[in-house]
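Asker: Read top to bottom, the protein sequences are chains U and X.
Going by the working numbering, the final residue of the first sequence carries number 302, and the count climbs one at a time with no gaps.
Going by the working numbering, the final residue of the second sequence carries number 302, and the count climbs one at a time with no gaps.
No lab work stands behind these hints: they were computed from the structure.
Be a bit skeptical, because a hint or two may be false.
Claimed, not checked - What the simulated footprint calls covered on chain X by chain U, stretch by stretch (three residues with Cβ under 8 Å from a Cβ of chain U suffice, anywhere in the stretch; the number is not a length):
#1 84-93
#2 119-130
#3 203-217
Stated by the list, open to error - To be clear about the criterion: a stretch of chain X counts as covered by chain U if any three or more of its residues have a C-beta under 8 Å from a C-beta of chain U, and this derived list gives those stretches:
#4 226-240
#5 259-265
Glycine included, every Cβ here is placed at the ideal spot set by N, Cα and C.
Protein chains: 2
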Amino acid sequence: MSLLVVGSVALDSVQTPHGSADEVLGGSATYFSCAASYFTPVRLVGVVGEDFPREHCDMLARRNVDLAGLEFVPGKTFRWCGRYELNMNDCTTLDVQLNVLGQFEPKIPAEFRDSKYVFLANCSPRLQMNVLSQMQAPKLVVADTMNLYIENERDELIELMGMVDGLILNDSEALQFTGKHNLVSAAREILSRGLTFVVIKKGEHGAMLADANTMFCIPAFPLETVVDPTGAGDSFAGGMMGYLAKSGTWDAAGLRKALVYGTVVASFNCEGFSLCKFDSLDFSDIEARYRQFEELTRF
Amino acid sequence: MSLLVVGSVALDSVQTPHGSADEVLGGSATYFSCAASYFTPVRLVGVVGEDFPREHCDMLARRNVDLAGLEFVPGKTFRWCGRYELNMNDCTTLDVQLNVLGQFEPKIPAEFRDSKYVFLANCSPRLQMNVLSQMQAPKLVVADTMNLYIENERDELIELMGMVDGLILNDSEALQFTGKHNLVSAAREILSRGLTFVVIKKGEHGAMLADANTMFCIPAFPLETVVDPTGAGDSFAGGMMGYLAKSGTWDAAGLRKALVYGTVVASFNCEGFSLCKFDSLDFSDIEARYRQFEELTRF
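In isolation and in its complexed conformation, chain U is listed as follows:
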């Protein structure tokens, strides 16, 4: 079924102990789209500036990402610059230039409004609600968020949580939002805001899915070499939503498999800078690692 993502498209500069990459393709919507594209075509809504290299559009188009919703506006593309420490978990943001993203007001193209699966990547809850108001009858809406909005737009975020089916966020964000010190308590409180499910990402420690009745906990796929974790969370969401859109349901069993696919796709993404790893990745690789993950967790 049709899958829409609204989020950022960026040019990233990344330093890691394995090297660095300058002005490479990044952004939440980009990572999400590439990851999801292994499962289903993706409709992307975002904004870039005049300086955005056309070859990135070509790459996305080749991956079955529909760019009818990618606005080109005067100015420079959103830029992010960060450095990862030796453990590859701690990341210092060195520079952020919002540029054209600062004035972004997502306009959903008419032909995208019937999308059944919708992912509201990390941006202001006000904009996320604005996107929702443009949609016709989505079957599943999942939103991401971050510390900035938890701190500065808490009321709007809570309003959004009553309007979407699922929320996906990091462990530290779940604790921050709830003021709790325990993820199980945090998950329960987040669910009480009107969500059907919440996915808490724990980076190298895996992920947790909670709904009113059950929980599902999985480790991350253990990687010996993490080259660049940028976009891992968005790739996770892309694998997860891509699988759900492809299967056309999101029952409890489907959500569990979706989390595993998200985990698998995110693990590949961490093995190269930017989206490089996706260049050489086939769906058969994803299926093979999915089976490895089964083997890794079976008892």
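Given the coordinates of chain U, assemble chain X onto it according to the supplied hints.
Answerer: Chain X in isolation, oriented as in the chain U frame:
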């Protein structure tokens, strides 16, 4: 099959956000024994001082822990005092009084020397090797260690690693020992020291088992209320070794199940101060949570 543990018996004073406990029963051999006792009788070797309350011996005896190897010597029992922070992971050691543990030279009673399953709880690798030299023909020997010995007795620890089947240690200790920043690399390097398997404990994030060919990763059991995590690692080891000793094998499938039992028993231990939770815990509770854990991780 017969299971032996050599380790500390302590009187702990613990402060947590949930309250505090003064001079309560603790120590690695104690936690291990109680946890393992759900699966098989346990033989304990340790030392206490004249001040050690006899009711603790009675409790252990009731749990089928054979105390023939518990020495009573003049002086005071080992004491540890610590404080857990709000997240229940960070722990500050406020005071350590080695007392009679400082001169401990484990003497394995003649009737314990035929033990087939041996757990060398966290103590000096020199003493751990000394214990090994007293054993007849153990079928499985697993050792624990800690940052202190990694730092100060590295050569002896490496020698020990060539003499045991398995090593169990925390993630931070695995990284410290190897100088790596990645647990998969660390596990491989640890294995190269002559071990058949290594278990890396990650606290609230679960555990990882690695041998030459495979890995097994599991989350921790998600608890909403952690009252006191003291002894969680030793309870984990107790559940693991208890299950293995009971089943009488330690093949790959058995080790996986053993890690899950360890996880389950450790989770119960965290729900009360000291060993209180074990007072009211039946094997049927462990089996029920084992099934919950299956449900929690199945996809």
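Asker: Between the segment 119-130 of chain X and chain U, are there enough contacts, at least three residues with CB-CB distance under 8 Å, for the coverage claim to hold?
Answerer: This one is violated; 0 residues, fewer than the three required, reach chain U with a Cβ under 8 Å.
Asker: Verify the coverage statement for the segment 203-217 of chain X against chain U, using a C-beta to C-beta distance below 8 Å and requiring 3 or more qualifying residues.
Answerer: Coverage by chain U holds for the segment 203-217 of chain X (5 residues, Cβ < 8 Å).
Asker: Three residues or more, CB to CB closer than 8 Å: is that satisfied between the segment 84-93 of chain X and chain U?
Answerer: holds (count 3)
Asker: Checking C-beta pairs, does the segment 259-265 of chain X have three or more residues closer than 8 Å to chain U?
Answerer: Contact hint for the segment 259-265 of chain X vs chain U: holds, 4 residues under 8 Å.
Asker: Counting residues of the segment 226-240 of chain X whose CB is closer than 8 Å to a CB in chain U, do you get three or more?
Answerer: Held - the segment 226-240 of chain X has 4 residues with a Cβ nearer than 8 Å to chain U, which meets the minimum of three.
Checked against the numbered hints given earlier, this structure breaks only hint 2.
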